[in-house]
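Number of protein chains: 2
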Amino acid sequence: MMPVDYSRFFSEDVPSFLRSPVREIFRKVDLGAICSFAGGYPAAVTFPTEHIPSLVSSVLEKYGTKALQYGDTRGVAELREQIAKRYGVPVSQVQITTSSQQGIDVCTRILADPGDIVLADNPVYLGALQSFRAYRAGVVPIDEYSAGLGRAKFIYVIPDFNNPSGKTLDLSAREALVRKARELDVLIVEDSPYRELRYSGTPVKTLRELAPERTLQLGSLSKIFAPGFRLGWIIGPEELLEQIYVCKQCLDLCPPVLDQYVTAEYMASGLLDSNLAGSIAEYRRRRDLMLSLLERFMPDGVEWTRPDGGLFLWLTLPESIDTVALYDKALDAGVAYVAGSFFYTDGSHRNTMRLNFSFIDEAKMEPGIKLLSELIRDAV
Amino acid sequence: MMPVDYSRFFSEDVPSFLRSPVREIFRKVDLGAICSFAGGYPAAVTFPTEHIPSLVSSVLEKYGTKALQYGDTRGVAELREQIAKRYGVPVSQVQITTSSQQGIDVCTRILADPGDIVLADNPVYLGALQSFRAYRAGVVPIDEYSAGLGRAKFIYVIPDFNNPSGKTLDLSAREALVRKARELDVLIVEDSPYRELRYSGTPVKTLRELAPERTLQLGSLSKIFAPGFRLGWIIGPEELLEQIYVCKQCLDLCPPVLDQYVTAEYMASGLLDSNLAGSIAEYRRRRDLMLSLLERFMPDGVEWTRPDGGLFLWLTLPESIDTVALYDKALDAGVAYVAGSFFYTDGSHRNTMRLNFSFIDEAKMEPGIKLLSELIRDAV
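Here the protein sequences come in this chain order: A and B. The letter at position 93 of the first sequence is residue 787 when you use this note's numbering, and the numbering goes up by one with no holes. The letter at position 210 of the second sequence is residue 904 when you use this note's numbering, and the numbering goes up by one with no holes.
Bound conformation, chain A alone:
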């Protein structure tokens, strides 16, 4: 049999596929064996694990085989109702997605052609960058856009506790964004996976609240329930959701049905809220510990964000330090992070890094930050 050269079969999108450097790290290194601030996993201790069997049983009692059958492409009614109630929108404006990543992907698919421009956070969430690139859309930092670069289709932003930067946009920044969207006549994709994880400060109005007519707001159950369920949602104008609905028929027909009923039950029973209070307390403690460790161990010239929520801190090191080059050394020493330049479309900012404080064993935080501080001190 002749060996087949498969590359000649691939679509023109394929060369633009971007591998997640984070997932590549996971493939190669057992992060459990070292002090890893890489990845963006929530803490397993926040999962309502002990409630899952009874949630499943009560769903099967209530809904029977309906919970195991194909479901509505828009999502099961009970979950859409829970989301609608929680966020104060009509059910008709809620589409359940098979993960928030699917939300990003399907929004990009219905909106962007090759060469179109997405105006994005800079640095930008990697999963979003992967989707934009995979559709061969250009990605331009919001402030650097001019019409000559191509047709802008939407602004993509994580306004609350940004991944990777940890920053939150204040009201005036959000209002400016909305003005910009209206001025450029583009839509807004507001990615809100962390919004409910606020540890300090006061909630700011969402972009959807400021500009409901042009915002698709993405939500995720991964940080307020468990990522293993792969469930998220999109809230937006019905005319946009209608196209997403049709597109989703091709993607996977409908989101996982039993998982949706279990989630609806988790929300309706009040378990989500009681569990969330515990998660917030847990993450607040971790954030505070992380900040105090950075304060204690980091050499002069290193700066970091102080996030009011979410899962990430962003470090800026002295210009002379290259976090990409430092990476293998760090792994050898027993500490992992994600180089900040991966989150920049131009690969710049090689003196930055993203640190996650949600997933690492708390006992490893101090040795990890100590190790990292020493590496940085040595590299200056």
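Hints in this document: simulated from the structure, not taken from any laboratory. Hints are supplied without guarantee of correctness; some may be wrong.
Put simply, identical chains are the same to the list, so a pair is met inside one copy or across any two.
[As the list claims (entries may be wrong)] With a straight-line cut-off of 16 Å between C-alpha atoms, the simulated EDC-like cross-links for lysine to aspartate or glutamate are:
(1) K756 with E744
(2) K722 with D766
(3) K760 with D1055
(4) K899 with E869
(5) K1064 with D994
(6) K760 with E744
(7) K779 with D967
Keep in mind that this is a model prediction, so the values were computed, not measured.
Following the hints, position chain B against chain A.
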């Protein structure tokens, strides 16, 4: 606030999105209230419903929070191993998908550009047609292709108990297909959701077995476990799976994790096989009942397939009957089917229809076929 005309934001793919007429029927009519042979749902009685709670509990005992966390993009190792073992392939050739529909979609995405040609069954599975169209690929019946029509990228076929036709390709037809694929130098996407549901006759070699070097074989848990889990798989050459893996990072990061562990447990415990034996007996009985009812009630000039497996029968009525035009009348009378022309890319064959025998209440089969027979008799 100015009303927004959203159509101007849409990508060039959007006008090619095809709504599933089946899903549209479901949206408008309560099929539970009538005799519905539409849809392609498996019988709820085949779901191992009573085992789900204990499967979930045993998975959580074994794997703990790992079953609720993010997982490997390729699928959890335990499920990949079960699939690999069942079908006699290395684990490295197995990618778990979030539904077999996602399998179709991701294969199309990595292979087809707008204007490329997919050589397909004729009639063809609607979900596949939706994906091909959504990527603006041309769809040409396998026997009608010539190079002038565009660049052919792959052959898409359901060789076992085809949806919608109910037909199975014999070995010589499969060998001819493989020769054609090699001659045209195209890949084969072998869609096999029903292969394990054989009620009579002898299994034929799969296209993957005949041409492993150029076949992506799609499998589904929907008919041998339950569709609510939205799980499927792709078996294929590693070089192709590698691109699917990278693409899947954008699509949803990973398939639902708890569902995958539950499925792996269902397979490893032997439950799948014992349950499958029951499903096959159930469906065989339904198929035989359906065939005998057609024999008894259908007027002369109506022909149908006698499938050896799967969920569907295909009816060919006298040329003068238009099943699209007949449809509203049928709904009013209390019986539903899917017009056959929906499965033809050119909308032809308006004298055909697809009947599903797996989902309808058995008690409704006789009145349903009687009603349908009368409608057809009146329409001749």
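Worksheet item: How would you label the pair K760, E744 (within, between, both, or neither) given a Cα cut-off of 16 Å?
Response: between (24 Å within a copy, 13 Å between copies)
Item to complete: Classify it for me, K756 with E744: is the Cα-Cα distance of at most 16 Å met within a copy, between copies, both or neither?
Response: Answer is between: at 13 Å across copies they meet the 16 Å cutoff, but 20 Å inside does not.
Worksheet item: Within a copy, between copies, both or neither: where do K1064 and D994 come within 16 Å Cα-Cα?
Response: Only inside one copy: K1064 and D994 sit 14 Å apart there, 85 Å across copies, limit 16 Å.
Discussion item. At most 16 Å between alpha carbons: which applies to K722 and D766, within, between, both or neither?
Written reply: between (39 Å within a copy, 12 Å between copies)
Practice prompt. Evaluate K760 and D1055 at a C-alpha cut-off of 16 Å and name the case that applies: within, between, both or neither.
Written response: Classified as between; 15 Å across copies, 40 Å inside a copy.
Worksheet item: Using 16 Å as the alpha-carbon threshold, which applies to K899 and E869: within, between, both, or neither?
Response: within (10 Å within a copy, 62 Å between copies)
Worksheet item: Is it within, between, both or neither when you check K779 against D967 at 16 Å Cα-Cα?
Response: Within one copy only: 13 Å inside a chain, 42 Å across chains, cut-off 16 Å.
When held up to the earlier numbered hints, the structure conflicts with none and fits them all.
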